[in-house]
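Participant: Listed below are the residues making up each chain.
4 protein chains.
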Amino acid sequence: MIVVLKHGVTEEKKAQLIAWLQALGLKIHISDGEFQTVLGLIGDTSNVDMDLVESLEIVDSVKRVTEPFKCCNRKFHPEDMVVEIGEVRIGGGNFVMIAGPCSVESEEQIVEVAKAVKAAGAQLLRGGAFKPRTSPYDFAGLKATGLEYLRIAREETGLPIVTELMNINDLPLFEDVDVIQVGARNMQNFDLLRELGRIDRPILLKRGLANTLKELLMSAEYIMASGNERVILCERGIRTFSDYTRNTLDLAAVPMLHQLTHLPVIVDPSHATGIAKLVPPMAMAATAGGADGLIIEVHNDPIHALCDGAQSLRPEDFSALAEKIRAIRGIVQ
Amino acid sequence: MIVVLKHGVTEEKKAQLIAWLQALGLKIHISDGEFQTVLGLIGDTSNVDMDLVESLEIVDSVKRVTEPFKCCNRKFHPEDMVVEIGEVRIGGGNFVMIAGPCSVESEEQIVEVAKAVKAAGAQLLRGGAFKPRTSPYDFAGLKATGLEYLRIAREETGLPIVTELMNINDLPLFEDVDVIQVGARNMQNFDLLRELGRIDRPILLKRGLANTLKELLMSAEYIMASGNERVILCERGIRTFSDYTRNTLDLAAVPMLHQLTHLPVIVDPSHATGIAKLVPPMAMAATAGGADGLIIEVHNDPIHALCDGAQSLRPEDFSALAEKIRAIRGIVQ
Amino acid sequence: MIVVLKHGVTEEKKAQLIAWLQALGLKIHISDGEFQTVLGLIGDTSNVDMDLVESLEIVDSVKRVTEPFKCCNRKFHPEDMVVEIGEVRIGGGNFVMIAGPCSVESEEQIVEVAKAVKAAGAQLLRGGAFKPRTSPYDFAGLKATGLEYLRIAREETGLPIVTELMNINDLPLFEDVDVIQVGARNMQNFDLLRELGRIDRPILLKRGLANTLKELLMSAEYIMASGNERVILCERGIRTFSDYTRNTLDLAAVPMLHQLTHLPVIVDPSHATGIAKLVPPMAMAATAGGADGLIIEVHNDPIHALCDGAQSLRPEDFSALAEKIRAIRGIVQ
Amino acid sequence: MIVVLKHGVTEEKKAQLIAWLQALGLKIHISDGEFQTVLGLIGDTSNVDMDLVESLEIVDSVKRVTEPFKCCNRKFHPEDMVVEIGEVRIGGGNFVMIAGPCSVESEEQIVEVAKAVKAAGAQLLRGGAFKPRTSPYDFAGLKATGLEYLRIAREETGLPIVTELMNINDLPLFEDVDVIQVGARNMQNFDLLRELGRIDRPILLKRGLANTLKELLMSAEYIMASGNERVILCERGIRTFSDYTRNTLDLAAVPMLHQLTHLPVIVDPSHATGIAKLVPPMAMAATAGGADGLIIEVHNDPIHALCDGAQSLRPEDFSALAEKIRAIRGIVQ
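Protein chains in written order, with the working numbering: chain A, 4 to 336; chain S, 4 to 336; chain L, 4 to 336; chain E, 4 to 336.
It is possible that part of the hints are untrue.
[Unchecked claim] The calculated lysine-lysine pairs, modelled on PhoX-like cross-linking and capped at a C-alpha distance of 20 angstroms, are: (1) L:Lys280 <-> S:Lys9; (2) E:Lys66 <-> A:Lys9; (3) L:Lys280 <-> A:Lys78; (4) A:Lys66 <-> A:Lys217; (5) S:Lys280 <-> S:Lys66.
[Said to hold, decoys possible] From chain L, some residues computed to sit far from chain E (all C-beta separations above 10 angstroms): (6) Pro163; (7) Ile171; (8) Met221.
[As the list claims (entries may be wrong)] Covered, in the sense of this in silico footprint (three residues per stretch, anywhere, with C-beta under 8 angstroms from a C-beta of chain A), are these stretches of chain E: (9) 4–15; (10) 138–152.
By construction, these hints were calculated from the structure, which means they are not laboratory data. Every residue gets a Cβ at the ideal spot worked out from N, C-alpha and C, and that includes glycine.
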């Protein structure tokens, strides 16, 4: 960690700060420039509160040289992590397609979609049973019944299931869910993350709307530091001033995350854009950009079908897309 | 609600959509323009899923004419809400100063700060016992012990206490906390909001880093629709590309919220800027801009004191600021 | 255009507004809802000042139903525009690779890079002679001499040249430049755009750092409405809170722009990310996402070479990338 | 300047980089940490291209210790700059109110508004003759005629005039304009800035919609380094995800800029919010936050008057506001 002191700091205050840092067990390397003094902190700085140091009156700025994340840091884990879900593998060259409806609506619906996406090549089934909604008046999912229908769809197709957990108290209901999803709004629900670190199930961690890559990695760190190493990261769009799309898909996050961490990184083009027509080009772009997988909304719902579309793709569109995805994977690998 | 159809929609699809909307109990007013057809939906549209309608293939865009929030909508509650906490009142012309340390660190510290801020004119004491931290390795607060120290400080000074609840399972520990704070990261933790709607305690709801005013109001709606009307909104900075300050304090949100809702709106200049020197000017700005109160970090901690500052103000700075705040209030009212 | 009036507007004010709108030659369709009145404006609304109407006291909000852009609107030009530069064609299924150094540094450098990128399959040569720099103390390009070296490189390789014009007074120097680039910082330099609309040369228009797609299209409209229809749009990253990359590449803009306009859309992955290692994955992603071309920085400069990289690719990396790009094009088309 | 090298850099590459930096006349201070090597660059680093160094393969990150701006840096100019316009003074404790219509529309209009704002206490008259418009079809100002009307209004009232220059070729028309405004969209029109550095007139430099404070200061540096020291900075809102206001007024920029530079800083609450009702609270907030002045839109235009408002205030509202502003100034000073 590097601490840049302000111009004109008194020797006394400088000495006090150095003494305090040394008391934390650090060695201090002092470098006096023409205008400012720079302290290099040598040793384990992971428990130095960077915000506190930065806020001190005599400090101009602080810069971490070593990242504050360890469990998910590629520097210490050069090999890609491969997450296994039954026979499905994600990461380390294994590409996965996750598909299914936004919400589980009925047994019939989820079974039908599950069969369709399996036929198109999906390896995992997604479907929301507990739905976070901005408005208290909107449909919030079928909850336990939705999970039950997902289990039936898994039995019928053999596809492992991925579904979102919003409240740690619901964990008993998720006992046999194959992959537990943490939604964007819960990316910094630290108690939830810590609890999920204590179970033995892969976690699909979605990036929050206004969260940096470092914050995403620190949230993965919460899970991993508690003992659960099987974390899959997911880029799903960030909030910007964008006028036409719901969010802005930050695809460069994929290769950047691959540089910083050994965890697999997948992309959700459905939520990122909110527009069905943009899903296939963004799914292909994510694949070409090196993503380890995709999570895509596919529906067979009459009102959607009636009017020819939505954020979700129809099974036949997903099938055509899946074929292109496989062709692109052939080039990227 | 207004639904703008795409150019060249077939009569058949248009009729299907209209039939579907009518089945929801709405009257439809059709207006054919040169390029597009516009449907005016008359009736209770609060349970129409706007996202779903917008995503339909034949729909160009959807516009709500009536806001989706009701409990917190000034249109239906023209009078300012006044939230009472013991003898303290917020809103409706009652201005309140909330002050205290970022974290409760010891009994001695919180009592000392409480006395100092009371002397300077603060009416409520803040202090974090459960602290959300980006890193799992950072200090996360004294938890139950911290709450205990807050109670002692309340006894010593008579100041009601405000502190953050992160996990609904900790609610029993907060039984006699005067105001429960929902932090920015939990603004869309919908299960938490719903539970807080079932208790009889004022809630201080902080705006999330990337949340719009509408989303903030919808979160207040979650609490209020569950039965608890005593919600205080708090602007604490949003995430932008800003290079010098931690967040960007969105002060125009204060008068805008006052137009949209009857709930009191306070401002947190400490977290918004992250820089002690910017706290007094932004606290004065917030007051002049019409805020119903301020929540400010004040410390007496030796390492801070040693180095002359932090995001937190020292008691003497807070005291000088409080005097200016009162003078500005005299002009604004 | 749809004008939503506020709740409780007096009949008198409503009548005044309607009379004023009718005086602009519009037919008004009135729709009274339970809470608000909605006016549908029928006729040519392109010269109604939407901001002005929205700002009126009795108006709640205004929504354009027909976009304010015409010359570049796909609704009126369903066929893709193909821009021709000598024998090179962009758009309508024609994909183009533009490559070259950030700045022209010497005759030797630009000729060498030009030969290398031609060998790798680039069809156009880029190179900055006039460089916009944030600091007045940074190198601002070789100017006229740089243009001279570009001409020499064109002669040696046959590659048409693309270079940025910052100041309309420099136009005479650009007389035989094949494609004139308008940089992101000049996207709303309206006088410059209008002047470029009067010449007969293709314009490469880069999206500004904080500009919406609508604003980008309105800037294209400035050029086209002045008579020059040959505009190529370029997505090059927008400014967000991103912590690792310089900007955030908004790839969904590509298919969205294709829906809105018939103009070709290319992508600049070099400026969008600012990191050489991210250029190949983002170039491949842009291709898979349907871009009509790429503009990529390639260098052969010793200090870069010395230290193995930069935002720019080395010729051998570009050559390997170009091969992958061609393979992906085979799938996308 | 501090250069952090990547983990595992070879001694050879490190030596090459150091040699290259030494060749630029810098002394290098090497600090070897456990994981990384840090180079401290001592000497005049203002002409080191930080982006280039940061992009080198062996470099992890670069941090400037001394800011790249000099002419406008408070470190070298501890005293506030006072800009004089006739008898009006801005900065160093001198507060100024600038008011007038968005656009000059007629001689009658501008003279009437000028008299009204003078009576209310404004010291300078604003009014747009050349208007930047997003759409080529919108009204772009009366141009030379507008300037002529402004001169008449100055004659009638004695108020110096402030108006925007968009194109350096129009400079001859601005010969006797008292303060030349550079609009937000031209903040990085570097040729324009350089030219304005060669004239002897105060420049009002507005912050761009997506520009950092550092970029704003670098643009001021362009003007000052060319010889014109009389620059007034203006915060006028930045682009964010905000849903109700046009832009987000970044008021913390005011005290932050005061820390970084000795130049005066004023605030434009009219453009920042785009909503007349928000102008008074934000004008008061800016004053309480320490701004050196305000620039506010005031109109007397019939269509506005008809409908009771707009982004602009009516003269009577401005007059009431001006009184409150003066009262707040009494407290802030």
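Participant: All hints, please: hold or fail.
Facilitator: Status of each hint after checking the structure:
1. L:Lys280 <-> S:Lys9: 42 angstroms, violated
2. E:Lys66 <-> A:Lys9: 14 angstroms, holds
3. L:Lys280 <-> A:Lys78: 17 angstroms, holds
4. A:Lys66 <-> A:Lys217: 14 angstroms, holds
5. S:Lys280 <-> S:Lys66: At roughly 43 angstroms apart (the allowed maximum being 20 angstroms), lysine 66 of chain S and lysine 280 of chain S break the hint.
6. Pro163: Its Cβ never comes within 10 angstroms of chain E, the nearest being 26 angstroms, so this holds.
7. Ile171: With a cut-off of 10 angstroms, isoleucine 171 of chain L comes too close to chain E, as the shortest Cβ separation is near 8 angstroms.
8. Met221: 5 angstroms, violated
9. 4–15: holds (count 3)
10. 138–152: Coverage by chain A is violated for the stretch 138–152 of chain E (0 residues, Cβ < 8 angstroms).
The structure fails hints 1, 5, 7, 8, 10 (numbered hints given earlier, in ascending order).
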